[in-house]
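Use these hints to put chain B onto chain W, whose structure you have.
Protein sequences, first through last, are from chains W and B.
Throughout the first sequence, residue numbering follows this note's numbering, covering 1 to 335 in sequence.
Throughout the second sequence, residue numbering follows this note's numbering, covering 1 to 335 in sequence.
It does not matter which identical chain is used: a pair holds within one copy or between any two.
Here are the computed lysine to any residue pairs in the SDA-like style, where the Cα-Cα straight-line distance is at most 25 Å:
#  : residue 1 : residue 2
1  : K60       : Q131
2  : K182      : P133
3  : K60       : T269
4  : K215      : I28
5  : K182      : E254
6  : K60       : P100
7  : K158      : I28
8  : K182      : E102
9  : K103      : P135
10 : K60       : P98
11 : K215      : G160
12 : K60       : Y263
13 : K103      : I57
14 : K315      : L286
15 : K60       : P135
16 : K60       : G134
17 : K158      : E244
18 : K312      : V159
19 : K60       : D99
Quick caveat, the hints were computed from the structure, so don't treat them as lab data.
2 protein chains.
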Amino acid sequence: MGDKTWSEFEIINRFFRTIGNQSAEGVITGIGDDAAVISETRERPLLITHDMMIEDIHYKSRWMSPYQLARKLVAVNVSDIAAMGGKPLYALLALALPDPMEKGWIEGFRKGLEDALDSFGITLIGGDTSQSPGPVMVALTLLGKNDDGTPILRHHPKVGDTLYVTGTLGDAALGLIILNQKGQSPALTEEEVFLTQRHLDPIPRAVLGQEIASKQIATAMIDISDGLIADLDHLLEEASIGAEIHVESLPYSEAFKHVASHYHESPETLALTGGEDYELLFTSPLPPDRLSFSSPTAITPIGQITDTPGIKILKHGNPVSLDAKGFQHLFHQKG
Amino acid sequence: MGDKTWSEFEIINRFFRTIGNQSAEGVITGIGDDAAVISETRERPLLITHDMMIEDIHYKSRWMSPYQLARKLVAVNVSDIAAMGGKPLYALLALALPDPMEKGWIEGFRKGLEDALDSFGITLIGGDTSQSPGPVMVALTLLGKNDDGTPILRHHPKVGDTLYVTGTLGDAALGLIILNQKGQSPALTEEEVFLTQRHLDPIPRAVLGQEIASKQIATAMIDISDGLIADLDHLLEEASIGAEIHVESLPYSEAFKHVASHYHESPETLALTGGEDYELLFTSPLPPDRLSFSSPTAITPIGQITDTPGIKILKHGNPVSLDAKGFQHLFHQKG
Numbered sequence: 001m002g003d004k005t006w007s008e009f010e011i012i013n014r015f016f017r018t019i020g021n022q023s024a025e026g027v028i029t030g031i032g033d034d035a036a037v038i039s040e041t042r043e044r045p046l047l048i049t050h051d052m053m054i055e056d057i058h059y060k061s062r063w064m065s066p067y068q069l070a071r072k073l074v075a076v077n078v079s080d081i082a083a084m085g086g087k088p089l090y091a092l093l094a095l096a097l098p099d100p101m102e103k104g105w106i107e108g109f110r111k112g113l114e115d116a117l118d119s120f121g122i123t124l125i126g127g128d129t130s131q132s133p134g135p136v137m138v139a140l141t142l143l144g145k146n147d148d149g150t151p152i153l154r155h156h157p158k159v160g161d162t163l164y165v166t167g168t169l170g171d172a173a174l175g176l177i178i179l180n181q182k183g184q185s186p187a188l189t190e191e192e193v194f195l196t197q198r199h200l201d202p203i204p205r206a207v208l209g210q211e212i213a214s215k216q217i218a219t220a221m222i223d224i225s226d227g228l229i230a231d232l233d234h235l236l237e238e239a240s241i242g243a244e245i246h247v248e249s250l251p252y253s254e255a256f257k258h259v260a261s262h263y264h265e266s267p268e269t270l271a272l273t274g275g276e277d278y279e280l281l282f283t284s285p286l287p288p289d290r291l292s293f294s295s296p297t298a299i300t301p302i303g304q305i306t307d308t309p310g311i312k313i314l315k316h317g318n319p320v321s322l323d324a325k326g327f328q329h330l331f332h333q334k335g
Numbered sequence: 001m002g003d004k005t006w007s008e009f010e011i012i013n014r015f016f017r018t019i020g021n022q023s024a025e026g027v028i029t030g031i032g033d034d035a036a037v038i039s040e041t042r043e044r045p046l047l048i049t050h051d052m053m054i055e056d057i058h059y060k061s062r063w064m065s066p067y068q069l070a071r072k073l074v075a076v077n078v079s080d081i082a083a084m085g086g087k088p089l090y091a092l093l094a095l096a097l098p099d100p101m102e103k104g105w106i107e108g109f110r111k112g113l114e115d116a117l118d119s120f121g122i123t124l125i126g127g128d129t130s131q132s133p134g135p136v137m138v139a140l141t142l143l144g145k146n147d148d149g150t151p152i153l154r155h156h157p158k159v160g161d162t163l164y165v166t167g168t169l170g171d172a173a174l175g176l177i178i179l180n181q182k183g184q185s186p187a188l189t190e191e192e193v194f195l196t197q198r199h200l201d202p203i204p205r206a207v208l209g210q211e212i213a214s215k216q217i218a219t220a221m222i223d224i225s226d227g228l229i230a231d232l233d234h235l236l237e238e239a240s241i242g243a244e245i246h247v248e249s250l251p252y253s254e255a256f257k258h259v260a261s262h263y264h265e266s267p268e269t270l271a272l273t274g275g276e277d278y279e280l281l282f283t284s285p286l287p288p289d290r291l292s293f294s295s296p297t298a299i300t301p302i303g304q305i306t307d308t309p310g311i312k313i314l315k316h317g318n319p320v321s322l323d324a325k326g327f328q329h330l331f332h333q334k335g
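This is chain W alone, in the form it adopts within the complex (with noise of 0.2 Å):
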């Protein structure tokens, strides 16, 4: 009686298959078929990535639509391939639904899938379905390439390179405070929506990340989903190396300055250790008057790759300490 049903390989087949650029280069065959088929036309490494997002782990419905939903998973799968210095280019799309799924979920998904997908030019070329016994599951596979076919790594930071991030810190640590206090109000002002925002919908660093990469500047590149501190440490590890981070470098949006307070939080903490701000963190011989970019993105020095391996937080200076260290989920085992 007015009840839609689909199945789950109508799922894919109806409401994704049209996304993006079917006959695409490349794309010898897409959605449909057992597996999808890409061409290699040229001897350029494949970038790989997965991602997911996970209702009430990653978000909560209340303050985040299916539309944001969808265009996040793009997002943060494409900071992966920007962090490579490399160009997104087909995707595969996992969902696990819960039913019945609320009315127009799917829909509203689709629309924000399309518009993601499109603005970065990545083509759907395959995914599955499946019903979830609960929560809404969904998750992206990322396929790029780099341009002159040599991706940033993470593993080769030197001493004395300089620590750069691109963008500001904390924005979305803060916005997701915000989110969980207030949901997505029409009583918050313009600043707390610009740091929602942040968190909702974050702008991974695409052509930045390509840009960095063409012109061969970095020795090391990250994106900060984690949080500063625990994806600096991602960069360090196998070598034993450190970093200096000089705090009052950091760079803060105006809205961060002016909101951090009343919601009782530490600027400082929530840039180091706040987590899906999605920025690229990357290190380079080159000084700051060395670097210059076609992207407005502001690019900011934060410290040094040191010889002494660990990380050291310096306030003017001055060894400081954080009770933090990024965003982890720790699993514990029985017994």
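This is chain B only, laid out in the frame that chain W set:
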């Protein structure tokens, strides 16, 4: 106090990093960077598939161990690559796990994953982990290639082609009925164990799929995951052709023939509509006596492609009808 904890980052790094040959041909950067990087050394298109398994939807933890879950996750993805005639090469793992996890879960899953990936020569090149608010969710992105660079697609069956299936049908569906009624009980008969194993630990036709591709005898191929009729329906999609199936030709295992009636199940319905056999269904202009394979797996002609749209089921030449049309979860939209 004896509790073990791992961060999300550590789970992939600590438990899964050493699976497969991380310096396998083509792997430039495996686990541990923002994206995996694989090289293209020959002009062969890349096959990509993604399949997930979710607790209480695809399996029950009371009758499937973490070891078996990992093996089956690999098998269902390998089956998709096999259905293209491809060889599986690289995998990315996604895990969403509740906290706390059962003691030994990760270790058991890891062992199953390693055993399965090793048996197919697949290298794990990346992955991501997350907390889950409830069910265990595991997913794999699998990449592969065709040796001769020519995948077998779904959409070129020709009128007059013979329909072939590999192995036997219905075992996995009957195995699932047994598991749901009795679990993995020591009281199961040898035949019941065989059938439950066909559900728990399916053997994807990886080598046979590659042989079918290299001999260039198939006009279309698909793996049977949703059930013979449902998957045949996918083969016929977008073509104004149909198929006839001769039910007396359907290949059954001895165990299936003996046990089905104990569970008051019609062998024909199970074989036609039961899912998860992960056998291959393909069409070929060649008659049975012109087919020969090095694989010992049976290949059985079960019908042919006709110029009448739809699927006709014939029993000794007479049309029969069925209640179910293969496993297909239908999603409902509220309102």
